[in-house]
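Number of protein chains: 2
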Amino acid sequence: MMVTLSLIGIGSGDPRQLTQQAIDAIGELDIALVLDKGSDSSELRLLREELLRRFGRSSLRVVRLPDPPRAASGEYLARVAAWHEQRAERWEEVLREQLSPQQTAGILVWGDPAFYDSTIRIAQTIQQRGVVPLEVKVIPGISSIQLLAAGHQIALNQLNGTIHITTGRRLRDEGLPEGVDEAVVMLDGQCSFLQLATPDSEIFWGACLGSADEQLIHGRVAEVGERIREVRDKLRERKGWVMDIYLLRQKAQS
Amino acid sequence: MMVTLSLIGIGSGDPRQLTQQAIDAIGELDIALVLDKGSDSSELRLLREELLRRFGRSSLRVVRLPDPPRAASGEYLARVAAWHEQRAERWEEVLREQLSPQQTAGILVWGDPAFYDSTIRIAQTIQQRGVVPLEVKVIPGISSIQLLAAGHQIALNQLNGTIHITTGRRLRDEGLPEGVDEAVVMLDGQCSFLQLATPDSEIFWGACLGSADEQLIHGRVAEVGERIREVRDKLRERKGWVMDIYLLRQKAQS
Chain D
24 MMVTLSLIGI
34 GSGDPRQLTQ
44 QAIDAIGELD
54 IALVLDKGSD
64 SSELRLLREE
74 LLRRFGRSSL
84 RVVRLPDPPR
94 AASGEYLARV
104 AAWHEQRAER
114 WEEVLREQLS
124 PQQTAGILVW
134 GDPAFYDSTI
144 RIAQTIQQRG
154 VVPLEVKVIP
164 GISSIQLLAA
174 GHQIALNQLN
184 GTIHITTGRR
194 LRDEGLPEGV
204 DEAVVMLDGQ
214 CSFLQLATPD
224 SEIFWGACLG
234 SADEQLIHGR
244 VAEVGERIRE
254 VRDKLRERKG
264 WVMDIYLLRQ
274 KAQS
Chain U
24 MMVTLSLIGI
34 GSGDPRQLTQ
44 QAIDAIGELD
54 IALVLDKGSD
64 SSELRLLREE
74 LLRRFGRSSL
84 RVVRLPDPPR
94 AASGEYLARV
104 AAWHEQRAER
114 WEEVLREQLS
124 PQQTAGILVW
134 GDPAFYDSTI
144 RIAQTIQQRG
154 VVPLEVKVIP
164 GISSIQLLAA
174 GHQIALNQLN
184 GTIHITTGRR
194 LRDEGLPEGV
204 DEAVVMLDGQ
214 CSFLQLATPD
224 SEIFWGACLG
234 SADEQLIHGR
244 VAEVGERIRE
254 VRDKLRERKG
264 WVMDIYLLRQ
274 KAQS
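Those protein sequences? They're chains D and U, same order as listed.
For the first sequence, this note's numbering begins at 24 and goes up steadily by one.
For the second sequence, this note's numbering begins at 24 and goes up steadily by one.
If we strip away everything but chain D, and leave its shape as in the complex, we get:
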C-alpha cells in the first residue's frame, strides 16, 4: 500500500502568495495533517484552515496532530533528532490508520519546506522506517527570505557576492565565517544584531512579512536597532507571537 505525502509550501499564508501548483496540490488531498504546535496562535491555525477550506475538496478531512513537546534539557541536536523521531511516529500512525492505498495526505508548510523546516526530514524518517510505503512530493513556496528582499527592494547578493543564511543561535555561537560580512538571519528570538553589530552595520529587518501586520525597518543598527526591538516586542505582545528575519551587513555600503 503506497500512499503519498505532499509537503506544500504556502508562503506567508496569504492566499495570493500560493502558486497554482500549491493550490492544485491542496485540491488533491484526502487528508490534511495540521500540526498543532503549542506556540501556534489561533491566527496561524485559522490561516491554514482557510486555505484548506478554499482550495481543498469538500471531502477533505483535517486531522489535527498535537506536536510532541521538545525535551527542555540535553544536547541540542540530540533533542531535535528525538523530537523528529516522535513526530515521524505520530504522522506514520495517521498515514497507516486513516489513508487507503493511493490516497494522499498533505501538510501545509509556512514559507518553503527547503529553508529551516523539519517537515522533509520527518517525511524521510518515515520512509526510512519502512512501515508505511510513502511517496513524498515537495511543492516550493515563497519563503520569508524572499519576502524580506522584496519588501526592501534589494537583491540578496552583492555583485559577484555570496548569500549566507544562518540562524540567531548559530550567529551568536559562531559569528560569521571569515570573509563573509553579511547574512540573512532567521529564527533569532533574541535580537542578536544588537550584540553583534559593528558601528557601521546595516540592517534590513522585517516582521510578519506578507501579512497585514508587516513591518519593515532599514538603517544602521546603531540608529534603528533599539526601535526594531521595540516594534518586535509590541507585535509579540499584541499577537502572542512574532516571526521576523533580517539581512545584516557588517560593512555598510557607501
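The reader is advised that the hints may include incorrect statements.
To be verified - With a straight-line Cα cutoff of 20 Å, these simulated EDC-like cross-link-like pairs (lysine to aspartate or glutamate) come out:
#1 K160/D to E98/U
#2 K160/U to E237/D
#3 K160/D to D236/U
Keep in mind that the hints were calculated from the coordinates and are not lab data.
Chain D is already provided as a structure; the job is to place chain U on it using the hints.
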C-alpha cells in the same frame, strides 16, 4: 509624473508556478519590457510571451529591448556596472517616452529578483538618476534554488546549519569560506565541482528545473560528476542553452 515598474518573479516560466500575486501584477501592466538577450533562445522568449498573453490585459503593449552587449575585457565588476548603467538608460527611455503618468511597466524575471538577478539594481539606478520618478514593486517568484531542493526532496540546511549560496566564478576564485562545507552553486558554466570535489563530495544537481526537460542527478561527485557533465552538454547542444544549479556537500553525510 510618477510611473511604476513591477519586477515580477515568474519561477521557471511554467504558468502553474506563478503566484496569484504575480498573475495579478501581470494583469495590471500597461507595458511589458522584454529584454532581448542574445543568449535567450526562442524557447525562453516564447515562455514569457505566453505568460503575458495569458495573464496580461488585451491592451498590454510588449516592448522588446535589445540588451546592450557586455564589454569583453576589463575588470569584472566595472564591466558589470557599466552594463547596468547602459541598461538603465535604455529602460528609462522607454519609461519616459511610452508611459503616461500613473501607468505601470513590468519585467518578468526568471526565478526570484532577489537571487543573482540585476533587475532590482537597474531599477534603483533609474531611481537614483531621477529623470523618471519611479515607484518600484518587487514580486517574489520561486527560484531555481527552491526547485532544486524540492526536486531532490531535501532541506537546504542541516540541523542548526547555514545555507551558503555562491556562483561558479566565486567558487573557483575563492573556494568556500573556512567552516562552510556545503554550498548552493549558481551560474557555473564550467562544472567547477569536477575540479573542487573531494573524494567524498556529494552533489545534488539539477538542470532546466520546472520544465519538461528537467534533469536531476544525485550522488558522490566521484561517481556521477562526469555523467552530469555529459547530460549538461547534451541539453545545451539540443536546446542551445542550459541553466543548471547544484548543492555541493564537501563532506558526504553518513
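| Does K160/D pair with E98/U here, judged by a C-alpha cut-off of 20 Å? | Not OK: K160/D and E98/U at ~45 Å, beyond 20 Å, violated.
| Given the hinted pair K160/U and E237/D, is their alpha-carbon gap at most 20 Å? | holds, 16 Å
| Pair hint outcome, K160/D versus D236/U [Cα-Cα no greater than 20 Å] | holds, 19 Å
Checked against the numbered hints listed earlier, the structure breaks hint 1 alone; every other hint is satisfied.
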